[in-house]
Amino acid sequence: EPEVTQTPSHQVTQMGQEVILRCVPISNHLYFYWYRQILGQKVEFLVSFYNNEISEKSEIFDDQFSVERPDGSNFTLKIRSTKLEDSAMYFCASSRVGEQYFGPGTRLTVT
Amino acid sequence: DQQVKQNSPSLSVQEGRISILNCDYTNSMFDYFLWYKKYPAEGPTFLISISSIKDKNEDGRFTVFLNKSAKHLSLHIVPSQPGDSAVYFCAATPFGNEKLTFGTGTRLTIIP
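Sequences listed follow chains D and X, in order.
Here the first sequence is numbered in this note's numbering, starting from 1 and rising by one per residue.
Here the second sequence is numbered in this note's numbering, starting from 1001 and rising by one per residue.
A few of these clues could be false.
Straight-line Cα separation of at most 20 angstroms, SDA-like style, residue types lysine to any residue; simulated pairs [as the list claims (entries may be wrong)]: (1) X:Lys1054 with D:Glu3; (2) X:Lys1038 with D:Pro104; (3) D:Lys42 with X:Lys1056; (4) X:Lys1071 with D:Lys57; (5) D:Lys42 with X:Leu1047; (6) D:Lys42 with X:Thr1026; (7) X:Lys1038 with D:Glu3; (8) D:Lys42 with X:Thr1104; (9) D:Lys57 with X:Lys1056; (10) D:Lys57 with X:Pro1094; (11) D:Lys42 with X:Lys1054; (12) D:Lys42 with X:Arg1017; (13) D:Lys57 with X:Met1029; (14) D:Lys42 with X:Ser1074; (15) D:Lys57 with X:Lys1038; (16) X:Lys1054 with D:Phe61; (17) X:Lys1038 with D:Thr7; (18) X:Lys1005 with D:Gln41; (19) D:Lys42 with X:Tyr1039; (20) D:Lys42 with X:His1072; (21) X:Lys1005 with D:Gln11; (22) D:Lys42 with X:Ser1010; (23) X:Lys1038 with D:His10; (24) X:Lys1038 with D:Thr5; (25) D:Lys42 with X:Lys1005; (26) X:Lys1056 with D:Thr5; (27) X:Lys1038 with D:Ile20; (28) D:Lys42 with X:Pro1040; (29) D:Lys42 with X:Val1087; (30) D:Lys42 with X:Asn1022; (31) X:Lys1005 with D:Ile38; (32) D:Lys42 with X:Pro1094.
Simulated from the structure, these hints should not be mistaken for laboratory data.
With the rest of the complex left out, here is chain D (with noise of 0.2 angstroms):
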């Protein structure tokens, strides 16, 4: 069953490092999003991005934050200069039509 894919599982870097988080998404499908999940609070959106471009953004997604789709597989995330409070679990998510299916996540821990 195709499934989507999350790299790395665990990152951790230094405050005002910029970290990449990777996602290899369904293959058939055209939505791509991604959420966070800031231990013990509920999942929350950040992105969603359809036909090359974003479609919708969150307040958290400020200029810090970017995403791309650098080829016909992978999904990116970008944090340019990492802050504590981005320490969170990064969902990546896609779908075709309706449901989203989820990705493991990457655990990032800025220290």
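Knowing the structure of chain D, use the given hints to seat chain X on it.
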């Protein structure tokens, strides 16, 4: 801004009995509702969905009920099995392929 609420943080049910998880929403624009199951250190796993044109959708042991006038949905699991122990999130969206707004989750524990 709690547009989707799951008021029970936890629920314990005996194996074989019915588990009922509840979810309320406030945004009238929501038109499509989903339930996800999540184990620790894993991503949410899609379980079942329902659009606002229906009031019930069933898939095996899982049934979702939608009461639009009350802005309430529920997930019924019957019979409950030990592998159902997980955190269950309800999510809502104006329509498919839009952002999901999640509830805070309900931790379901199935007692053998």
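To see whether the hints hold, each was checked on the structure:
no., hint, result
1, X:Lys1054 with D:Glu3, "violated (28 angstroms)"
2, X:Lys1038 with D:Pro104, "holds (10 angstroms)"
3, D:Lys42 with X:Lys1056, "violated (26 angstroms)"
4, X:Lys1071 with D:Lys57, "violated (26 angstroms)"
5, D:Lys42 with X:Leu1047, "holds (18 angstroms)"
6, D:Lys42 with X:Thr1026, "holds (17 angstroms)"
7, X:Lys1038 with D:Glu3, "holds (15 angstroms)"
8, D:Lys42 with X:Thr1104, "holds (5 angstroms)"
9, D:Lys57 with X:Lys1056, "violated (31 angstroms)"
10, D:Lys57 with X:Pro1094, "holds (15 angstroms)"
11, D:Lys42 with X:Lys1054, "violated (27 angstroms)"
12, D:Lys42 with X:Arg1017, "violated (28 angstroms)"
13, D:Lys57 with X:Met1029, "holds (18 angstroms)"
14, D:Lys42 with X:Ser1074, "holds (19 angstroms)"
15, D:Lys57 with X:Lys1038, "violated (24 angstroms)"
16, X:Lys1054 with D:Phe61, "violated (34 angstroms)"
17, X:Lys1038 with D:Thr7, "holds (19 angstroms)"
18, X:Lys1005 with D:Gln41, "holds (13 angstroms)"
19, D:Lys42 with X:Tyr1039, "holds (14 angstroms)"
20, D:Lys42 with X:His1072, "holds (19 angstroms)"
21, X:Lys1005 with D:Gln11, "violated (31 angstroms)"
22, D:Lys42 with X:Ser1010, "holds (15 angstroms)"
23, X:Lys1038 with D:His10, "holds (18 angstroms)"
24, X:Lys1038 with D:Thr5, "holds (16 angstroms)"
25, D:Lys42 with X:Lys1005, "holds (10 angstroms)"
26, X:Lys1056 with D:Thr5, "violated (32 angstroms)"
27, X:Lys1038 with D:Ile20, "violated (24 angstroms)"
28, D:Lys42 with X:Pro1040, "holds (14 angstroms)"
29, D:Lys42 with X:Val1087, "holds (11 angstroms)"
30, D:Lys42 with X:Asn1022, "holds (16 angstroms)"
31, X:Lys1005 with D:Ile38, "holds (17 angstroms)"
32, D:Lys42 with X:Pro1094, "holds (19 angstroms)"
Checked against the numbered hints listed earlier, the structure breaks hints 1, 3, 4, 9, 11, 12, 15, 16, 21, 26, 27; every other hint is satisfied.
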